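Enquirer: Residues per chain, in single letters:
There are 2 protein chains.
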Amino acid sequence: MPIPAHLSPAIPESDLPRIVIVGGGFGGLNLAKSLKHVKAQVVLLDKNNFHTFQPLLYQVATAGLEPDSIAGPLRKSFEGNPNYYFRMVKVTGVDPKKNEVITSIGNLTYDYLVLANGSVTNYFNKKDFRPKVLPLKRIVHALDVRSHILQNFEQAVMTKDEKELEKMMNIVVVGGGPTGVEVSGALAELKRYILPKDYPDLDFSKMKIHLIEGSERLLNGMSDFAGKEALSYIQKMGIDVQLNTFVEDYDGDTVTLNSGTIETATVVWSAGVRGNVVDGLDESSVTRSRILVDEFNKVKGTDNVFAVGDVAMMQTDKFPNGHPMVAPVAMQQGRHLAKNLKNLINGQSPQEFKYFDKGSMATIGKNKAVVDMPNGMKFKGFFAWIIWMFVHIMYLIGFRNKLITLNNWIWSYLTYDKGTRLIIRTFNRKFIRRPSVR
Amino acid sequence: MPIPAHLSPAIPESDLPRIVIVGGGFGGLNLAKSLKHVKAQVVLLDKNNFHTFQPLLYQVATAGLEPDSIAGPLRKSFEGNPNYYFRMVKVTGVDPKKNEVITSIGNLTYDYLVLANGSVTNYFNKKDFRPKVLPLKRIVHALDVRSHILQNFEQAVMTKDEKELEKMMNIVVVGGGPTGVEVSGALAELKRYILPKDYPDLDFSKMKIHLIEGSERLLNGMSDFAGKEALSYIQKMGIDVQLNTFVEDYDGDTVTLNSGTIETATVVWSAGVRGNVVDGLDESSVTRSRILVDEFNKVKGTDNVFAVGDVAMMQTDKFPNGHPMVAPVAMQQGRHLAKNLKNLINGQSPQEFKYFDKGSMATIGKNKAVVDMPNGMKFKGFFAWIIWMFVHIMYLIGFRNKLITLNNWIWSYLTYDKGTRLIIRTFNRKFIRRPSVR
Numbered sequence: 181m182p183i184p185a186h187l188s189p190a191i192p193e194s195d196l197p198r199i200v201i202v203g204g205g206f207g208g209l210n211l212a213k214s215l216k217h218v219k220a221q222v223v224l225l226d227k228n229n230f231h232t233f234q235p236l237l238y239q240v241a242t243a244g245l246e247p248d249s250i251a252g253p254l255r256k257s258f259e260g261n262p263n264y265y266f267r268m269v270k271v272t273g274v275d276p277k278k279n280e281v282i283t284s285i286g287n288l289t290y291d292y293l294v295l296a297n298g299s300v301t302n303y304f305n306k307k308d309f310r311p312k313v314l315p316l317k318r319i320v321h322a323l324d325v326r327s328h329i330l331q332n333f334e335q336a337v338m339t340k341d342e343k344e345l346e347k348m349m350n351i352v353v354v355g356g357g358p359t360g361v362e363v364s365g366a367l368a369e370l371k372r373y374i375l376p377k378d379y380p381d382l383d384f385s386k387m388k389i390h391l392i393e394g395s396e397r398l399l400n401g402m403s404d405f406a407g408k409e410a411l412s413y414i415q416k417m418g419i420d421v422q423l424n425t426f427v428e429d430y431d432g433d434t435v436t437l438n439s440g441t442i443e444t445a446t447v448v449w450s451a452g453v454r455g456n457v458v459d460g461l462d463e464s465s466v467t468r469s470r471i472l473v474d475e476f477n478k479v480k481g482t483d484n485v486f487a488v489g490d491v492a493m494m495q496t497d498k499f500p501n502g503h504p505m506v507a508p509v510a511m512q513q514g515r516h517l518a519k520n521l522k523n524l525i526n527g528q529s530p531q532e533f534k535y536f537d538k539g540s541m542a543t544i545g546k547n548k549a550v551v552d553m554p555n556g557m558k559f560k561g562f563f564a565w566i567i568w569m570f571v572h573i574m575y576l577i578g579f580r581n582k583l584i585t586l587n588n589w590i591w592s593y594l595t596y597d598k599g600t601r602l603i604i605r606t607f608n609r610k611f612i613r614r615p616s617v618r
Numbered sequence: 181m182p183i184p185a186h187l188s189p190a191i192p193e194s195d196l197p198r199i200v201i202v203g204g205g206f207g208g209l210n211l212a213k214s215l216k217h218v219k220a221q222v223v224l225l226d227k228n229n230f231h232t233f234q235p236l237l238y239q240v241a242t243a244g245l246e247p248d249s250i251a252g253p254l255r256k257s258f259e260g261n262p263n264y265y266f267r268m269v270k271v272t273g274v275d276p277k278k279n280e281v282i283t284s285i286g287n288l289t290y291d292y293l294v295l296a297n298g299s300v301t302n303y304f305n306k307k308d309f310r311p312k313v314l315p316l317k318r319i320v321h322a323l324d325v326r327s328h329i330l331q332n333f334e335q336a337v338m339t340k341d342e343k344e345l346e347k348m349m350n351i352v353v354v355g356g357g358p359t360g361v362e363v364s365g366a367l368a369e370l371k372r373y374i375l376p377k378d379y380p381d382l383d384f385s386k387m388k389i390h391l392i393e394g395s396e397r398l399l400n401g402m403s404d405f406a407g408k409e410a411l412s413y414i415q416k417m418g419i420d421v422q423l424n425t426f427v428e429d430y431d432g433d434t435v436t437l438n439s440g441t442i443e444t445a446t447v448v449w450s451a452g453v454r455g456n457v458v459d460g461l462d463e464s465s466v467t468r469s470r471i472l473v474d475e476f477n478k479v480k481g482t483d484n485v486f487a488v489g490d491v492a493m494m495q496t497d498k499f500p501n502g503h504p505m506v507a508p509v510a511m512q513q514g515r516h517l518a519k520n521l522k523n524l525i526n527g528q529s530p531q532e533f534k535y536f537d538k539g540s541m542a543t544i545g546k547n548k549a550v551v552d553m554p555n556g557m558k559f560k561g562f563f564a565w566i567i568w569m570f571v572h573i574m575y576l577i578g579f580r581n582k583l584i585t586l587n588n589w590i591w592s593y594l595t596y597d598k599g600t601r602l603i604i605r606t607f608n609r610k611f612i613r614r615p616s617v618r
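So the sequences go chain by chain: V and F. Read in order, the letters of the first sequence are residues 181 to 618 in our numbering. Read in order, the letters of the second sequence are residues 181 to 618 in our numbering.
Just chain V, with the same shape it has in the complex:
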């Protein structure tokens, strides 16, 4: 696409060193916020004008929350900071030799560059069915999952064909990590409490939710206890779990597994993520879709390029394959790098990054959650679920989002209702299964 002649990143010249941050996710946003008192010009680039609280995307996908309550405008975080610049652009590459980032509207020079591009959905090179499955990594994805599932139920009530009806009602979730577990649990609750009231003409014993996981357990990043308890919750909720199972193909009607087939119009793809590495870095600094960084988050082989969060791979004794690709790592690396950049600018020595593991958790449904504490304590059930809610509300950006989300949760707890069951297709999917009835 040609660059319109009148556009450019247009950052004013300044005597201050310029720190360019690519990506306004957990890493980039926390870094930018923590640079508030550093004498530098801070430029944040993102293709969206908002930060997405990804851990709650699954609730948008399952009609529990509206998108606006888990996203916050990035500019709002920088109000009143005269040395901050936000630019809504797509970064296509970097040129470390020229100290330039390459964007969709031209190049921008930097003194320090921080790559915080996060991760994208990993399709494991399954190019054929990629446009037919529903990823769950961005706001538009979540809205599309919601609309797709509800639209299928609207079609199901109008179909005369028993086989078509089952396809419309069946849902396959691929990947038994936190997203897969949380989305299947939320779907099982929709099936139990909401959908039968909305669609009294349908027989919901026909609706099957399948959770497909390639390894031998759920929640691989968590303890054995958490994995087993999650499996037990999920199975009690009536979800068919298939472990050690891989998706080989999907043609829009039939999922082909190594163990058999499932007829469905809906495949939610939460099988994993990979680092979102931009072009232009030296090949030696990229491994398994992540950027190799040293203990100061500096990209190997560079002097002034850094990476934080999902896209960064810092190999340590404790984490020989890099830290887990989760929000707390990105947040901590973002905040820590702010201190190191300040040190660098002031001519002081940088400090090693040390990950402070606060534990991990996943929720499967109302009163159903699992928590691994950093001290090795593990628990489940109502108390775990309360902690999960508390932590997620705490970390949601902005008081307004906290308030609205809390409202929604209390409402849905008291009424077993989910408010946001609107079908609003947000983008034209390349693959549309059949003529829409709209």
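Keep in mind that a hint or two might mislead.
Here are the simulated DSSO-like cross-link-like pairs (lysine-lysine), alpha carbons at most 27 Å apart as the crow flies [to be verified]:
1. V:K277 x V:K519
2. V:K480 x V:K213
3. V:K546 x F:K582
4. V:K386 x V:K343
5. V:K277 x V:K340
6. V:K340 x F:K270
7. V:K340 x F:K227
8. F:K270 x V:K377
9. F:K213 x V:K371
10. V:K377 x F:K227
11. F:K546 x F:K408
12. V:K498 x V:K519
13. V:K371 x F:K216
14. F:K216 x V:K213
Hints listed in this document are in silico derivations from the structure and should not be mistaken for laboratory results. On a predicted model such as this, the values are computed, not experimentally measured, just so you know.
With chain V fixed as given, assemble chain F onto it according to the hints.
Expert: Okay, now just chain F, sitting in the frame of chain V:
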């Protein structure tokens, strides 16, 4: 588009008379709800699965409310009623001789048919620029206005060309009815309180909001008092109002008026609506895009076809050109027709519809509103604004929507903040002004 063979409206046969309602707006929804205790099979058809509270669309367009809080799932209104059927289909016509409605997935017979299709944006046959202006009649429109305006500001900070910059910042609102007045007022508040904080690098004295009205006054449906006071509010807020002015053309860059030109990338089209009349009615029963009905809302020349709300024109002594195309008329006609259908089914005589005018109101901004009471009393200011809020909250469907909207309003009143400034393009517009930077 061919009809998929496996789909049909699929309503079970029944001994009860079948009432088919086309459209789940204010008229159709209130009719359907009021038919609860009538012995009939009730079928509601709508191309969306939700009801839209259109009076607050302008707040979604100006980042004040999220779409989910002004829309409610239609199926939820019918939970627990075994004789109710909702079908998400597009109705393309009627065949009164065969007693059939024609939908995108096949025909459906009726004993009684109610056309409650409401209205659509009136472009006054300006086909050339129709794809270039932004209507404001549906949820997707409102989301698109919001995204379009914010996206232009994101581009404005990156442009080097002074003329382009002005185009990005200028906004033209066409039509000085309630929607036009409310949207211009909300834009002026965005300009004053929100945008300068979000975009400190832009000079907001360059942002001009123009309100273009063809007649000699604003708020034509209301009193002279209301029109004058609204004009005064609007002008004090810095909006350029041009009365007796028509839009002749818009090429995406320049609006051509009968009195001059304005350079702008954004034209919000709130110039009016026209009845959404389906095909298949006798020509003699349609006039000026509305369906002629008698005092019982029965379509002229038919026995069992009715029309309510915006699409119906009931010519009375007081309203020789039909009732105003506003929500209260539709709601009252819907509820009244429910009684008449009950009478008809029970072999009793129908009763004449009488419109109970509850007054009308419009809000221009915080503490700024105008109210015409039915007794002739008129007032403005803080008290009018409180009444406006109270009435709108009252009529919002569902407790949850009331709660969330109230929250948003209190939040925005206390903080002068608007929460939902996310750019999420919801549908591919045929006309895209320039290459998106995303």
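Enquirer: Okay, which hints does this one fail, numbers in order?
Expert: 5 and 14
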